[in-house]
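Using the sequences and the hints, build the whole thing.
Chains A and P, in that order, give the protein sequences. This note's numbering numbers the first residue of the first sequence as 1 and each following residue consecutively. This note's numbering numbers the first residue of the second sequence as 300 and each following residue consecutively.
Because the hints were derived from the structure by calculation, they are not lab data. One should not assume that every hint holds.
[Said to hold, decoys possible] Simulated DEER-style distance windows between Cβ atoms: (1) A:P282 <-> P:M300: 26 to 32 Å; (2) P:Y362 <-> A:L296: 36 to 42 Å; (3) A:G160 <-> P:W354: 53 to 59 Å; (4) A:V103 <-> P:V402: 26 to 32 Å; (5) A:L169 <-> P:R356: 36 to 42 Å; (6) P:D340 <-> A:Q236: 48 to 54 Å; (7) P:S349 <-> A:L169: 42 to 48 Å; (8) A:L169 <-> P:G338: 50 to 56 Å; (9) A:Q236 <-> P:F377: 27 to 33 Å.
Cβ atoms here follow ideal geometry from the backbone N, Cα and C, with glycine treated the same way.
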Amino acid sequence: MTTVLVLLLLLAAGTYLVAVLEAWTASGRFRLAGPVVAGIALLGREFIVPRKPDRIFFEVAPVLLLLSALLAAAVVPLTPDLIITDLATGALFINAALVYVLVALLMAGWGPNGAYAMIGGWRFLGQLIAYAMLIVMPITAVVMRAESLLTTRIVASQAGLWNIVYQPLGFMLFFVAAMALAFLPPFDLPTAKAELAGGVEAEYSGVRLAIFRLGRLALIVTLAAAAVVFYLGGWQGPWLPPWAWSAIKILAVCATMLLAGRAMPRVRDADLLHWCWILGIPLALLNIFLVGLLVLVLP
Amino acid sequence: MSTLEQYGLLVGLAMGTVGFVLGLYALARGLGKARQEPGKDVPATGGQMSREPVWVRYHARYYGYALLFLAFDMEMAFMYPWAVVYKQEGVVALLDMGVFLAVLFLGLLYGWSQGALRRQ
Chain A
1 MTTVLVLLLL LAAGTYLVAV LEAWTASGRF RLAGPVVAGI ALLGREFIVP
51 RKPDRIFFEV APVLLLLSAL LAAAVVPLTP DLIITDLATG ALFINAALVY
101 VLVALLMAGW GPNGAYAMIG GWRFLGQLIA YAMLIVMPIT AVVMRAESLL
151 TTRIVASQAG LWNIVYQPLG FMLFFVAAMA LAFLPPFDLP TAKAELAGGV
201 EAEYSGVRLA IFRLGRLALI VTLAAAAVVF YLGGWQGPWL PPWAWSAIKI
251 LAVCATMLLA GRAMPRVRDA DLLHWCWILG IPLALLNIFL VGLLVLVLP
Chain P
300 MSTLEQYGLL VGLAMGTVGF VLGLYALARG LGKARQEPGK DVPATGGQMS
350 REPVWVRYHA RYYGYALLFL AFDMEMAFMY PWAVVYKQEG VVALLDMGVF
400 LAVLFLGLLY GWSQGALRRQ
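What follows is the structure in structure tokens.
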């Protein structure tokens with residue numbers, strides 16, 4: 001029980017830092033109190049329900065986004081013991097939980113009965129078809145090396161050599177796909193501030209918008225933590241204690257994700273699908289094949 | 300912890316999250332309600348009502364990818380158990396899955412040649 005609370009607090013702290021980082025990369029101003037101010041402001045604002053909504057979809061979407069990020073985070077270890085639940089199917093469970101991001105965004109798109117939101121929601125469905133294979137296929141290659149779906153054992157399998165060296169191709173694919181999954185720029189097609197006025201976020205206001213944004217930030221932290229567990233050796237590292245290594249690596253991955261998108265223009269949905277399928281999936285299959293050979297050849 | 304307890308914990312986490320959100324909603328509600336004003340609840344459409352209804356059928360222009368995606372998604376369900384026992388089974392596993400993936404990859408190439416991999 002204490003572990004669960006500690007982990008939730010750490011996730012909240014990580015989310016907070018990512019919110020600060022994102023504001024920093026976006027506006028160039030480093031304000032530690034920024035997220036608190038924004039949160040209180042959103043709490044105090046009116047929360048409007050658009051006319052003729054699909055009320056169930058509209059209400060469920062923000063909660064589901066937060067929930068899918070939290071459930072995925074539940075199987076990600078920070079140290080060998082600091083994990084909410086070490087499921088025997090951990091690596092598969094992360095995929096299962098993260099698919100609900102799509103469901104949440106589709107609901108947020110359909111629910112309010114607004115044109116911009118609807119376009120954002122359907123766009124994200126196309127985006128899922130592009131990135132989904134690039135999440136699951138690299139994880140398969142990670143599992144092949146670890147011989148287990150347990151996330152703790154996946155980290156243990158990287159004791160001699162981190163997976164980022166062992167299968168760099170898989171890491172690159174996973175990293176890009178994770179950015180697309182978290183709809184970070186340049187893959188922010190469903191929200192697209194400039195062209196869709198916020199897209200799936202457009203009709204949310206006040207406290208519902210706060211939950212939606214909290215879910216999105218938690219999703220970024222969760223994905224960074226998953227990337228660390230699968231590719232960057234989790235808690236392993238010299239001198240510092242395990243939890244410190246996990247924290248440093250997760251924040252570093254978050255910062256890289258946030259910075260990487262800043263210099264790029266938004267990708268068109270058709271281009272994203274095209275490149276993911278003609279380049280990404282063949283590369284992911286090649287990665288599985290190469291790792292298959294390496295696992296058999298190396299002791 | 301037994302498997303059942305683990306899933307119980309996850310259910311508890313989910314319920315806790317819903318409770319947290321409902322608590323925040325209650326707090327926001329306690330701070331005040333939205334004032335009812337005409338036109339305030341119109342979905343954003345650039346300052347006017349949308350001319351066409353929104354809940355209609357759309358042309359999903361990525362349907363070619365979507366059909367291929369179904370095949371690949373099913374294949375991934377087979378890949379996970381295979382990946383776990385891969386090292387034990389050795390070369391046999393590599394060949395088995397190699398043939399399967401080769402067929403699938405040929406399917407992808409065929410789909411590409413037939414124009415499935417573009418915006419329709």
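Evaluation of the provided hints:
| no. | hint | verdict |
| --- | --- | --- |
| 1 | A:P282 <-> P:M300: 26 to 32 Å | violated (41 Å) |
| 2 | P:Y362 <-> A:L296: 36 to 42 Å | holds (39 Å) |
| 3 | A:G160 <-> P:W354: 53 to 59 Å | holds (56 Å) |
| 4 | A:V103 <-> P:V402: 26 to 32 Å | holds (31 Å) |
| 5 | A:L169 <-> P:R356: 36 to 42 Å | holds (40 Å) |
| 6 | P:D340 <-> A:Q236: 48 to 54 Å | holds (53 Å) |
| 7 | P:S349 <-> A:L169: 42 to 48 Å | holds (45 Å) |
| 8 | A:L169 <-> P:G338: 50 to 56 Å | holds (53 Å) |
| 9 | A:Q236 <-> P:F377: 27 to 33 Å | holds (31 Å) |
Figure legend: structure checked against the earlier numbered hints; the only hint not met is number 1.
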